[in-house]
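> Residue-level listing of the chains:
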Amino acid sequence: MNMQTGRKKISKAILLNLILGTTLVLVCIFGYFYLRKTSPVDVFRATVPVDIPEYEYVFAVYGGAKNFNNPYEVLVFNNLIYVSDTDNGRIAVYDKTGDHVRDIASKEIQSPSGMFWDGTRLYVADPISGKVFMLNPEGQILDTLELDGILVADVAVDNGFLYLLNNKDQTVEKYELATKKKVKSFGGYGSDPGKLYYPYDLTVRDGQIYVADSMNNRINIYDPEGELVRTLPKKNEETGEGALFVPRGLAFDKAGRLYTVEGMAHRVSIMNTEGETVTRITRSETIEDQEQEIYLPTDVTLDDAGRMYVLEHAFKRVLVYKPR
Amino acid sequence: MKKLALTLVMAVIMVAAVASTAMAVEPYYHGDFADNSLGCAKCHVTHAGQAAALLISGPTQTDFCYYCHNSLSKSPYDAKNGMIATPAAGGFMPSVAGGFYKTFDFDNHNYASHAYTLTDYVYSTSVHGVETYDGDVWDETSIIPGGTTTLTGDFRCGSCHDPHKGGNYATSTIMPRLLRLDLPKLVQEATDNGGVGESVYDHRDWTFGSIGASDTTGFKTQVVTGYGDNVGIWCAGCHDLFNQMDADAGQVAVDDAGTSVADKYMHRMNFTLDNPTDVTHQSLEKVALSVNDKLVCLTCHRAHGTGSSTSDTVWTRASASYELSDGSTDDESDSSVLLRETNRDVCYDCHGAAEFNKPSDQS
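Going down the list, the protein sequences come from chains A and B. Under my numbering, the first residue of the first sequence carries the number 12, and numbering increases by one thereafter. Under my numbering, the first residue of the second sequence carries the number 9, and numbering increases by one thereafter.
Treat the hints as calculated values from the structure; they're not laboratory data. Take these hints with a grain of salt, some might be off.
Lysine to aspartate or glutamate pairs mimicking EDC-like chemistry, simulated, CA-CA at most 20 Å apart [as the list claims (entries may be wrong)]:
1. K50(B) to E249(A)
2. K107(A) to E296(A)
3. K50(B) to E304(A)
4. K265(A) to D169(A)
5. K245(A) to D62(A)
6. K50(B) to E252(A)
7. K50(B) to E248(A)
8. K245(A) to D234(A)
9. K265(A) to E304(A)
10. K195(A) to E248(A)
11. K142(A) to D170(B)
12. K245(A) to E304(A)
13. K192(A) to E236(A)
14. K206(A) to E249(A)
15. K118(A) to D115(B)
16. K107(A) to E67(A)
17. K327(A) to E302(A)
18. K193(A) to E236(A)
All values derive from a computational prediction rather than experimental measurement.
Chain B on its own, in the form it takes in the complex (with noise of 0.2 Å):
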């Protein structure tokens, strides 16, 4: 009896040992907020701030957020240069999502064994426009691409992240990415009693671990993220036309009666692929499905910035300006539109028999 009594102490001993050593706290600035009024004065000021939403400096909520995220040596995320710091898989990995600034070299680079090297790293060739990267086209009364409304208010990083959401996240869904719950526009989804309700798909669809880390040890806001099912509904909050989830969506012109927008044919979106290891470069680096196999909105697209490019034959209209390299804005020039790999090789990885239709295979 003594004996069991022991061993019962020793082991509530070692649990609490080992339970306090995977309860740490990882220092973690976005949920540091003191509960009084210092905690909100670190960010905002209560009467006339620099910046909107309060923020205490500017000049723009862009250079606000760059104080910490344009350098790998100030924070685990640099959004400006695309990287990330992740410790559990051996230092810093490339930002899936790109860069604002520039983005790591997809197509000439290997992903998987990239070195932390400055000539990894080109130019972004096109961004998801954020203030003064993005000229004045995309101001409070641009109609958003594919999308039946208009900002409310310049394009932000906080137009999709939302600052506040950080904190206690090792024990709780919180996204380590800081994610918005809610985009400017309800999407319109099929409940499970058939009808039809307003729907937000939240941050908490979003998968995480790609790259080593469990959920009590590590450091959650340092691994790479891969996309949940719903992400393209997520997206869909701004880009509400471009969520169609008909198999015929692409054959038959979609009623956007209410709107402005005139009837499109347009892609179909959010569905499963029946045979996804048909597709080419499938990974999370390049055409990268959802965690269930769905095409989403991050399949072809980079959500902060391309190092991709397009040929002088490939003509778009720029979706949104950026700034170069040398400092000047472009708003009309030819825009690789946030795709994933150069040119239009997203579609060919998909539909293969055009890809044989390509000029140059035209000899």
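Next up, chain A with everything else stripped away, as it sits in the complex (with noise of 0.2 Å):
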């Protein structure tokens, strides 16, 4: 008895049938969704659940026995939170309660703005001065790169060069924090790509400088030559859906998400990688059982339990949220 061992042949016009059979299954489908001119990736994303982080305000943090005037960025590092009072003058430092712990504030330090913390030093902005200070965590200055009629607006530090706004040409700069001599500027006045017209805050991830580029109303990524990447956000050419309105303070989560507050729409928007839009927060407070809007914010930051702070012009606090 010829004994068959199970594999059965397909003969090629079951075969034929089968791809056929596939390939009607798929033009049905994208048939489906080019006639409902609906994106089948939109349709997936609404159905199937995303990580989209979600938070809760927690309290806020006010300048303590001198009220803020005119801060411009906040910073979380070593369980502190440190706020540029750029009036008055100094760095307040608050501990995660909220309770204020000390002021840096020298002579030197005449208008602290913008600040970037590389994990053993602080950089602080100064456009009065012209400088950019480079502190320890307790505010003694260990080192200045002198800037020549600049007004500096923000800085950030990556892979041993130190990048700073120029807000008097709209420019961003380059330098060599070894030398500190200036190796490469770009941007410039202006609104076409890659231009630059008021930017506020700049933050490098994965080798690309991010610059919120406020009055132009999006943000910039360059490449560490100063060409431009990419333009962000994502968004609808035809409805505006997705536009930022004057985007200042720059922030990532551990996911890669990018945070930035849009000062004229007052809330923080949480861009994916791709650019797109997630989800936006625009409640602070509680009081009498209103929920209060964010008015004017123009900072935001994140520590490493996710804590989320917004500092708001407005009624100039830090409004802290803790991940729900």
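Put the two chains together into one complex, using the hints given.
Now the structure itself:
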């Protein structure tokens, strides 16, 4: 008896039918989306839950004995909250409960604005004195980058280079930290791609420089050589959906999502790595059962525990949120 | 013929290229109104604004304006600290209008060769009080100094400026300083045909470009402005009683019949000086005559704030209280009443003989 061992051969006709059938199903599926003018990716995202960060307001940090006077940025590291309180000429430091710990102030630092923490040093941009100060966490000046006749608004450090915003010329300037020599300048006045008009914040991630091009309502991303890589947000050009209104502060969370505050939209917007806005936060505290809104935010940052800190110009305070 | 045609084509291409550069639009927030509802929604809400005029947030209109106009890092005008970004002039200039918090120390530092350093600026000693900076003196029931009307709302940035009048300024008469076209009170003014009509001298009369910028290039928002001949009449939209142009206004009491204000001998205003070069300190930053040498309000006063001070022996009631540098407010102390120079030096600059009667000169 000839024992057959099980595997049946598929005839050419059946194989052809399978291919044609599969093709027909795919054509039907994508034809449906085509005729409905919808994106299958969007439908997929709408039906499959994705990880969208949510936050709950906890408390607010006010200036302490002295009210904030034109605060520029908020930064959190070493379990402390740092606020550059520009017109008071100080960096005010608070613990995580919002209690005032100390002020960093000196005759040299006249108008602290943008700040950056690289793990060992606190970099502080001072537009009035035209310098970038490098401090230890206690506030002692370790080194200074003296700049000639520019208006330095913010600063960031990456891979041995220091990047700063020069709002006199609306440029990003790149300095080699070891030599303190300027090696490149890019951006410049205007609204064309890559140009800048009153940028507020810059930060570096994965070697790319992110600049909040505030008055052009966009975020410019440059490579280290100053070439424009792309612009955020990803928005619907016809409806304007997804647009930003005066983006200022920038921050990244651990998942690589980009946070910005929109000054004239009074909210925090969170974008995924594609530049699409995944959620927006507009609420702050609750007063007499009435939810209040965020008013004129200027900066946002996150700490290691995932708490979010929003610096608010209108009421001169830092709004603290915890993740839900 | 071919050469001519080729030349013409090249010329057209060159003109187009140059024109496109010249017509490049400067990013300009106040003119950046989208043609959909998002344009208005940048600043306003439809039903429940947090500040007057349905502004989306406050707490006051001044706070709202200061979101951008409190630092040169954020916009070309720092109204709070009295500075203007002027790239065409090499960087930054002090605002000759002064600032609401700090003002360039015109009395002790050289305006023309100043450096952008904090030490050149001093706390303002008096300001054209806006909202929280003026305590409760200047509310809607207050009589305007030198005016026959009361305020129709708290005095604020929007009392003099109209944030909507920006936009395509390069090709029109739009006022870079966004001054309002209509002030609360219309001014009685002689018309060309000999009658009397109501006329408002608007922003188009102001002059620009004292510090280089052309009509087609550069950034017209970022120049220091001079004063047009009718700027005093523009101010008289509120301070109308001060608008006395008759030559004998200081010798004959002006009849203010119909008002509750007693008749006053008034300083003659808005007239052309015969010998402007005789005026000491005659310059845009100090005693500033108009473009055609008229004496106007801004000849002696600053629009926003002054850093000049008055000594204790010179008493005058504060025209407006203001927030002091320590955060307190002051309604009653001596005021520098927005004068462009210390004490009454603006008087001496014209009335030179009086200078020799100063107590300090009477040993």
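> Next, verify each hint and record whether it holds.
Consistency of the hints with the structure:
| no. | hint | verdict |
| --- | --- | --- |
| 1 | K50(B) to E249(A) | 18 Å, holds |
| 2 | K107(A) to E296(A) | 18 Å, holds |
| 3 | K50(B) to E304(A) | 15 Å, holds |
| 4 | K265(A) to D169(A) | 18 Å, holds |
| 5 | K245(A) to D62(A) | 19 Å, holds |
| 6 | K50(B) to E252(A) | 14 Å, holds |
| 7 | K50(B) to E248(A) | 18 Å, holds |
| 8 | K245(A) to D234(A) | 19 Å, holds |
| 9 | K265(A) to E304(A) | 26 Å, violated |
| 10 | K195(A) to E248(A) | 33 Å, violated |
| 11 | K142(A) to D170(B) | 36 Å, violated |
| 12 | K245(A) to E304(A) | 25 Å, violated |
| 13 | K192(A) to E236(A) | 15 Å, holds |
| 14 | K206(A) to E249(A) | 23 Å, violated |
| 15 | K118(A) to D115(B) | 24 Å, violated |
| 16 | K107(A) to E67(A) | 16 Å, holds |
| 17 | K327(A) to E302(A) | 18 Å, holds |
| 18 | K193(A) to E236(A) | 13 Å, holds |
In this structure, the earlier hints numbered 9, 10, 11, 12, 14, 15 are contradicted, and the remaining ones agree with it.
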